[in-house]
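Asker: Counting in this note's numbering, the sequence shown runs from 105 upward without gaps.
Hints in this document: simulated from the structure, not taken from any laboratory.
Okay, the calculated beta carbon distance ranges per label pair:
1) D209 to A272: 17 to 27 Å
2) G125 to R208: 35 to 45 Å
3) P175 to D209: 21 to 31 Å
All C-beta atoms in this analysis are idealised placements derived from N, C-alpha and C, irrespective of residue type, glycine included.
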Amino acid sequence: MSIRPDTQTLITALTRARLSGQRLCAADWVGAVHSEADAYAVQDGVATALGWAEGPLVRHWKSGGSTRSGPFSHAPLDPAAINPAGKTGLLLGVEAEVALRLGRDVSPEAARAMKSETAGDWVDAMAVAVELVASRWTEGLAAPELLRMADHQSNAGLMLGIWQPYAARDWSAQTCQVKVGSQTPVTCTGSHSLNDPAWLLPAWLQHLTRHGTTVAAGTVVTTGSWVGCLPIQPDDRVSVDFAGLGHLTVGL
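Between the sequences and the hints, there should be enough to build the whole structure, so can you do that?
Answerer: In structure tokens:
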């Protein structure tokens, strides 16, 4: 797919923004992203410019959708921001998620044939995760949707807990509690937007394999927050507990 000059210019600008920490004004770039295809081209361009992929594809991703009818969105994550050491910079918030790890390679043909109801068969492990949320736009999460998508869905990093064998669960009964700093803990039950973190795997894998590339075993994805995006202050500690699944505490 050919990339328009203004879209290529945005790729360069977002790459520089990630390296420098300087934010961009979204109003100056609305015309550079006309569609989801443009947004994904920007994602891929920035990831390529920064060398995120060790092989054909990046190994950590985020994906999500508000309902099972879609639309769904996907974004590769910076490998240097997976379990980052030290300070993480200015964050807009955190999200509590369940990360899934593929247990075997997924070819384009397998991705097309995959069904949501049995997608968990392709997963070998799961872990409690905390997604770090930030933006390269001065408008933050108020930036236009396509520009947020182009900015890797406002991802700033991913903290992963201990991996454990994947097993089907009654996700509708799954309780998640999150405590951020001195804020009152937030507790939700059955609050995943798709009612099953693995339900989205076919759409995500079809996106990754759309150019004919096989997705390698060991690739990791999160598929949506259980408590929304919770605001955070510098030096806050975040504790996430998924009953019966695991616990993760991180200092930011």
